[in-house]
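**Student:** Read off the chains here:
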Amino acid sequence: MQRWRRSEKRSTRWRTPIRINQVRFVAILALASAPALAGQGAGRTGAGVVANPFLGKQLPLEPGYRVYIVAAMSGMGTAVDARELSPPVDGAPLSATVNNADYETRFRSLFTQEANAAVHGARLAGAGSIVVSDAHPANNFGSILPWEIDSLATLVRGFPRPLFMISGLDSTFGTVMFIGATASAGTPGVLSHTFGFDALAIDGKVMNEVTVNALIAGEMGVPVSLVAGDDAAIAECRAILGSDFVPVITKYAVGTMAAITLSPARVHQVLATGATLAVQSARDHRLKPFTMEKPYRVEFTLAKTLPDSVSAEVAALTGFGLERTGARSFRFTTADARQIGYLIDAIEPLAVR
Amino acid sequence: MNGARWLARLLVLMAGTAAFVTGIAAQGRGSVAAPSRQALDTTPPGAYYGVTEYQAARQKVEQLIPAEGIAIYIISDMEGLAGVVNNAREMLPGRGNSPDHQRFREEETDEINAVIAGARAGGATAFVVNEGHGGDNFHNVIPERLDPSALLIRGWPKPIVMTTGLSPRMNAMMIIGAHSNAGSNGIIAHSYAFDSFTVNGHPLNETGIAAFIGGEMGVPLILAAGDDALTSETRDMLGPIETVTVKTALGRSAGASLSFPRAHAELREAALRAVDRLRRGDLTPLRFATPYQIRYCIRASFTPEVFALMARLPGIRPDPATGPRCFGMETSSAEAVGNLLNEIEWSALKP
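Protein chains in written order, with this note's numbering: chain B, 1 to 353; chain L, 1001 to 1351.
It is worth saying that the hints were derived from the structure and are not from the lab.
Note that the Cβ used here is the ideal one computed from N, Cα and C, for glycine as well.
Hints are all accurate, no fakes.
Example chain L residues on the side facing chain B (calculated, C-beta under 8 Å, incomplete): (1) G1083; (2) R1089; (3) T1248; (4) A1249; (5) G1251; (6) S1253; (7) A1254; (8) G1255; (9) A1256; (10) S1257; (11) L1258; (12) S1259; (13) F1260; (14) R1262.
All chains should be built: construct the whole structure from the sequences, respecting the hints.
**Tutor:** Written as structure tokens, this is what we have:
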């Protein structure tokens, strides 16, 4: 049933269709004379390397309590299959047995409604300035419908952008929330993954996409107040971040592509209520920014589904002090969590080709 | 074909009659911007693929709007609309299996409607909209969604691409959905086929070039809307005009956008302020000393064809001192620049 995909001889892991789609925009970015942007997240200024001009760019400062919401699709309610979370590849025949149209016709809208539920809940608790970051790779990080997002929210979309899941987050924000979160790569969570890695660990702790960004936010003094995702993602985040944030379980994993799900309406209701509680506890200073001991010892293994050339290109990245520890494994040490984010920024475009 | 040609001739006859009648009426008008000298039209006769000559297009527009009252000429583009970040998936129909282009057509129309509403509240009475987005050959504004009082210039080819039909009768220009200059740090930053374009040493983006062509006629550009890169560079080029920053660039294909309702509200307010300032004489046309020293460099990715096409225009000479793809031109007519744009668009979009 996935013959067209396999014929591409690409990764068979769940993100495959998304990544194939991204080939096109990577080429377009090259045309748009942005070669320096994709891989140079660290803003290194060595010979021949152009600093990313968008690095450290601030969002307009708005009055009121500021909330940053990171939204991904994999951990949203009801979604269980990559076909629901990315558009069909250009020219690929629609499958006879599964519905490739659901991304456009249903899930983009449901995803937007989840973000809106969180925005609505945050507003009820008095948030005055709300940013929603579309952190899901499909459609070039453009799945949330700009015409359906809550009118108070500022929508961050598109790719590449610095610290792509939390672009524009800074110390003016009171709290950060993660909705649609997933468990780390290789674990029994729905659509579990960690960027382009098979494993990512800091100081020996296995990290997922939420906890890495929580660490960067923590250095900015911004605490995590809510995580929404499947039960596996929530359990993982509580183990790393502690149990102060509001947990919202959107679905219960019974496989990496199967789950016990709730009605979207119920998920939205719980999300809104959770967001209200989350902002209340953040405003009452009941949350601490997430920190780890410095310097951070970062170890990662590139996904085995990526071609060997990616390992070589990662090995060639300069500015991070990467040390190769295996065919696909690397480690480095840094005292600045943003460097970890910039490294992920640099690897993501290599991984999506 | 023959039928169409006859119809065109008939229309020209009708337009000529109307021009005579309204021409008399126009003598008595006492509106804001004084008409400048009759601009020189340098369109080479018959050179532009059957397109109406620029002056004729201008006369047709003038006949269709009232002789009295404040008339606003609105250019619409798409790259600088709220929400837009991606050229491949959002700026053209049918690519990437993405329906988003259709929805952004609605947003383009809504942003035009927002500035019309604001300008009307400020006292403007006539509106001419010129579709300026080349994707889908300038057919993006949705006619039935557009404010019914506006004239809409759509389709392509048309003379002087983004300023078709602009005339001294217009009191001011506005542009929405605009994008920042080639090489700048903005969302989908580009400028026609140029890597750079300067008049007397002053760099101009697409918005600036429109302001230059209009400025020569005495028509000031009073409002520009797009991302933060566009609004800041346009203020540098044109002075403190009204600008609306609908999104913040976080990459050339990434940004943080206001929601549509907030963008529309800001556009309405800014358009009202712009017309108000226009009436107070606070906003003046962009003018440069003549003869204009035009310098431009063509994008490396552009086809060699564009060079051959440009060679047909008089007065263009290579400028190897600046760069291998750079040219210079001395002219006393901004419309000669418009003709250059015609050639470039033709080489890029020719079916």
